[in-house]
Amino acid sequence: MSALNIKKGSTSHSAYDLRDPHAEVVESHTLAVLVDNEAGVLARVIGLFSGRGYNIDSLTVAEIDHKGHRSRITVVTRGTPAVIEQIKAQLGRLVPVHEVHDLTVEGAAVERELALFKVRGTGDKRIEALRLAEIFRANVVDSTLESFVFEITGTIEKIDAFAELMRPLGLVDVARTGVAALPRGF
Amino acid sequence: MQRQMTGARMVVQALKDQGVEVVFGYPGGAVLPIYDEIFQQNDIRHILVRHEQGAVHMAEGYARSTGKPGVVLVTSGPGATNAVTGLTDALMDSIPLVVLSGQVPTFMIGTDGFQEADTVGITRPCTKHNWLVKDTDRLAETLHQAFHIATSGRPGPVLIDIPKDVQFATGSYSGPAEARVSHYRPRTEPEAEAVARLVELIETAERPVFYTGGGVINSGPAASRALRELVDATGFPITSTLMGLGAYPASGKGWLGMLGMHGLYEANLAMHGCDLMINLGARFDDRITGRIADFSPRSTKVHVDIDPSSINKVIHVDLPIIGDVGTVLAAALEAWTARGRRVNGAALQKWWGQIEQWKLKNCLAYAPSKATIKPQYALQRLEALTKGRDRYITTEVGQHQMWAAQFLGFEAPNRWMTSGGLGTMGYGLPASIGVQIAHPEALVINVAGEASWLMNMQEMGTAVQFRTPVKQFILNNERLGMVRQWQQLLHGERYSHSWSESLPDFVKLAEAFGCKGIRCDNPADLDEAILAMLDHDGPVIFDCLVEKHENCFPMIPSGKPHNEMLLGDAAVAGAIEAGGAVLV
Ligand SMILES: Cc1ncc(C[n+]2csc(CCOP(=O)(O)OP(=O)(O)O)c2C)c(N)n1
Ligand SMILES: [Mg+2]
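Listed in order, the protein sequences are those of chains A and B. Residue 50 in the working numbering sits at position 50 of the first sequence, and the numbers go up by one each step. Residue 97 in the working numbering sits at position 97 of the second sequence, and the numbers go up by one each step.
Calculated directly from the structure, the hints in this document are not laboratory data.
Covered by chain B, according to a simulated footprint, are these stretches of chain A (three or more residues, beta-carbon under 8 Å):
| id | stretch |
| --- | --- |
| 1 | 40 to 46 |
| 2 | 81 to 87 |
A short list of chain B residues far from chain A (calculated; beta carbon distances all over 10 Å):
| id | residue |
| --- | --- |
| 3 | GLN2 |
| 4 | THR106 |
| 5 | ALA179 |
| 6 | LYS253 |
| 7 | ALA367 |
| 8 | LYS374 |
| 9 | LEU385 |
| 10 | LYS387 |
| 11 | ARG389 |
| 12 | LEU443 |
| 13 | ASP527 |
| 14 | HIS536 |
| 15 | HIS549 |
Built from N, CA and C at the ideal position, the CB exists for glycine as well.
Go ahead and model the full structure; you've got the sequences and the hints to work with.
Below you can see the structure in the form of structure tokens.
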């Protein structure tokens with residue numbers, strides 16, 4: 001350790017400065033990556049994660065600026081602080097990447113995911129599923145006499161919780177979009 | 001200014017506008033339009049190789065010895081896949097290359113057409129960036145961007161895949177000045193505050209060491225000059241990785257020799273015992289660090305690198321400085337000079353006293369022989385007989401490579417071309433040709449092992465055709481020597497498939513290629529034989545039959561720290577523990 005109390009981290013502007021670089025705890029981070037929407041850019045980002053052995057818990061991508069051909073990739077990843085820093089630095093090195101933001105350390109952020117749940121059942125189970133959906137503010141977007149498709153929006157935790165409750169009530173299929181996130185405020 | 005022309009002509013025009021003089025390549029169906037354009041002009045020289053891997057290594061040799069990007073042209077499918085090893089090699093060693101590959105026409109992509117391969121998919125992880133150009137109007141800009149990206153920031157190889165219909169079609173060409181390259185501008189200027197901290201550390205350090213790498217060479221000659229000034233003015237010791245040899249002269253007073261797995265005793269112990277480590281353009285590779293937990297445990301570590309992802313990737317450092325090494329060194333010199341160029345003289349003197357003690361170990365000593373040529377002796381004679389000449393050395397991979405790094409001295413940057421990060425056997429022969437193409441009058445020697453050399457020996461045909469007088473100095477131990485050494489140390493002396501049976505007669509092979517062959521197996525004849533090689537005006541294959549079971553020392557066994565080095569006289573059996581054996 002330096003006696004000069006020199007800043008830590010991969011860049012001296014890094015928020016990682018504030019955290020213990022030797023920590024072995026595995027943290028979950030939500031990264032926003034702004035990229036040129038050019039051919040192969042998603043393969044490049046995913047290839048970086050698989051090639052270097054990083055985790056992807058969730059990944060979403062869509063063009064957000066059609067004129068400027070910019071896309072926003074939101075990745076939820078896990079790792080020790082050192083690994084998270086390395087992931088950000090490696091992403092920043094890709095040529096089509098313009099910006100990398102670590103929403104988990106850059107201040108409060110809103111994170112939302114959309115999911116569709118198909119639940120099959122009759123009688124009490126069907127009524128109970130509908131009642132719980134109301135509590136979770138899930139919408140019914142399709143229904144037959146024996147099934148519902150619920151649409152739910154929320155944090156990963158909320159959607160996980162809803163899935164747990166639906167399982168014994170006849171859950172047959174799930175589709176999730178992955179997380180979209182933005183920092184709060186300006 | 002925009003002009004209409006075919007895609008194929010644009011390729012040649014863009015190369016000219018980028019100042020390219022030489023292209024290393026091999027034709028095929030998917031690049032015929034480009035070859036047709038090459039035929040109809042005289043500005044760009046084309047070197048016809050014998051295998052696309054050879055073309056890429058030649059371009060690497062060209063690039064590493066000139067500081068300019070190397071350019072390669074290959075056909076689709078097998079042409080592109082043959083280039084993959086070279087691309088990976090260049091990525092690992094940060095060598096700027098622009099590789100152009102042909103592709104099946106756009107309307108056939110995805111149909112498993114003849115000689116179709118997903119070239120951008122295959123090369124995505126082994127290039128700094130790559131493109132598939134589907135529109136002739138986008139071709140010129142992509143070509144210019146490719147040169148910009150290959151050469152800026154941390155250099156590396158890029159690839160452009162060009163479908164055949166895009167080569168035939170007409171589109172508008174614009175020059176390098178009009179290409180949009182704005183958003184890729186890696187930072188080269190360091191933060192002044194970080195440089196000031198570095199200067200403070202230099203002023204007070206008691207046991208400092210400079211640890212330099214390939215980044216100093218990549219940064220350019222100014223970085224080497226600034227390094228020499230800073231090292232000599234501070235009086236600090238300096239060591240270098242394999243990739244950085246020549247940035248500081250081997251005859252300089254601060255020079256400790258190479259560090260790392262086969263580095264010098266004094267260099268590795270200085271790294272282990274220092275209180276200030278200044279890493280300039282090196283990346284804490286595992287060949288350098290040994291066991292991470294015990295790596296230089298008591299030092300304050302400074303890391304200067306142009307690539308932010310190199311910082312804290314392997315070793316946590318105390319002072320990261322992101323920027324171009326040359327720019328950082330110039331800034332540090334200026335700031336240090338402004339404050340009166342102070343160092344901790346008394347402590348430094350003590351530190352050098354310690355280093356001189358380590359040097360007494362004479363770690364490169366080996367048992368001499370009058371009966372057989374020791375590989376170390378062969379290199380000492382090569383060094384003595386070529387000293388003072390305008391000399392460029394390339395190597396293959398193995399023991400001979402490490403001995404070359406230990407026993408040859410490099411006085412200038414860009415004179416030493418070796419496959420460091422990837423360790424590619426078969427690199428040296430084509431690389432030597434690429435170097436010779438760039439420096440026609442210079443003495444270019446490939447220090448080779450017989451097994452590595454055979455991997456790309458077809459390129460001897462290229463050497464003969466293009467009259468490159470490259471000297472192939474093969475230290476022939478009839479063994480995969482480095483593999484044999486590891487089997488001796490790690491695998492109970494079970495020499496599984498590590499010897500070369502039925503080797504060719506290298507002298508006859510030389511004759512078959514139409515060049516000169518020389519064989520030597522007697523130490524007494526060696527000088528004369530080397531001089532005959534040097535005097536010959538043309539390519540030479542020199543078959544130097546050396547001791548078959550010599551081991552390369554010092555050696556830090558995998559999984560051991562710097563201060564647990566094996567020396568030549570050590571009892572080596574059982575020196576490597578089971579935990580170390582899983583490492584490569
Ligand atoms: C393409 C490739 N394949 C395998 C290896 C593993 N390898 C490293 S050194 C070596 C032996 C090299 O033998 P030789 O060229 O004769 O050199 P020596 O060690 O005998 O000096 C091998 C097989 C490699 N580095 N590259
Ligand atoms: Mg050999």
